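Colleague: Sequence:
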Amino acid sequence: MEDPLLRDLSPLEERSLSLTGSLGLAIVDSFRKRAYRIDVHILPYFMASHYSEFCDVALQFFDREIPSGCVLELYVHHGFAVQVHDFLTKIGYVLTPRWGNGFADVNCMLADMVRSVWDEFPSRRPPSFSDPGIVGVFPYQNADGAWIEVRTMMFCALQAVLNFPATCIMNIITYAHAVSLYPHTTFIEHVAF
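Start counting the sequence shown at 0; every next residue gets the next number (numbering that gives the first Met the number 0).
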């Protein structure tokens with residue numbers, strides 16, 4: 000009943016309401032449990048039966064907005080590229096290389112990349128600004144036109160994302176946690192980079 004009213008409140012206004020008393024706190028807590036559910040934001044990319052198997056989301060999660068026309072970027076360790084490909088293929092996504100080269104056997108290509116990746120990174124050095132540890136970028140599209148871009152990482156995906164030189168990382172969402180590094184800028188000023 001209160002959702003339409005609470006949906007229009009900024010996070011700062013939500014906090015103020017929660018400080019009015021135990022009823023205000025209970026109302027805000029109940030709303031947050033409904034409004035900040037990752038599955039609501041995953042549904043544009045996956046069917047309801049699939050989102051629990053694989054969970055990542057765009058920055059709009061923090062603003063409770065479902066992006067339209069956005070590409071969902073998934074950062075995964077390269078060793079799991081074949082499993083991610085198999086999962087996306089199973090739920091209707093097709094690998095659509097933007098560079099125009101089709102692949103006869105995607106599983107073989109990904110497996111070869113996994114085996115040969117240690118030749119490219121023989122010292123297992125940590126990534127730097129010029130080498131963020133990205134092994135491959137694989138764009139997928141489904142019949143509805145939704146895009147998912149799988150970026151396979153040699154090292155920790157979070158470390159690679161934070162090393163991008165032209166990016167200001169403001170919010171991070173993992174399979175278990177959502178963290179806003181700049182909450183005032185994200186929630187009050189509605190800035191997203």
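Some clues are possibly wrong.
What the hints assert, rightly or not - Here are the simulated distance ranges between beta carbons: (1) Ser9 / Gly135: 37 to 43 Å; (2) Leu8 / Cys155: 34 to 40 Å; (3) Glu12 / Lys89: 28 to 34 Å; (4) Val93 / Leu11: 25 to 31 Å; (5) His183 / Ala34: 15 to 21 Å; (6) Pro3 / His183: 24 to 30 Å; (7) Phe86 / Cys155: 20 to 26 Å; (8) Ser29 / Thr184: 35 to 41 Å; (9) Arg31 / Gly135: 21 to 27 Å; (10) Ile90 / Arg6: 28 to 34 Å; (11) Trp146 / Gly20: 21 to 27 Å; (12) Pro3 / Glu72: 30 to 36 Å.
FYI, nobody ran anything at the bench for these hints, they're computed from the structure.
Source: prediction; values computed, not measured.
For every residue, glycine included, the Cβ atom is placed at its ideal position computed from N, Cα and C.
Colleague: Compare the structure with each hint and give your call.
Modeller: Hint-by-hint comparison with the structure:
| no. | hint | verdict |
| --- | --- | --- |
| 1 | Ser9 / Gly135: 37 to 43 Å | holds (40 Å) |
| 2 | Leu8 / Cys155: 34 to 40 Å | holds (36 Å) |
| 3 | Glu12 / Lys89: 28 to 34 Å | violated (43 Å) |
| 4 | Val93 / Leu11: 25 to 31 Å | violated (43 Å) |
| 5 | His183 / Ala34: 15 to 21 Å | holds (19 Å) |
| 6 | Pro3 / His183: 24 to 30 Å | holds (25 Å) |
| 7 | Phe86 / Cys155: 20 to 26 Å | holds (21 Å) |
| 8 | Ser29 / Thr184: 35 to 41 Å | violated (27 Å) |
| 9 | Arg31 / Gly135: 21 to 27 Å | violated (37 Å) |
| 10 | Ile90 / Arg6: 28 to 34 Å | holds (30 Å) |
| 11 | Trp146 / Gly20: 21 to 27 Å | violated (46 Å) |
| 12 | Pro3 / Glu72: 30 to 36 Å | holds (32 Å) |
Comparing the model with each numbered hint stated earlier shows that hints 3, 4, 8, 9 and 11 do not hold.
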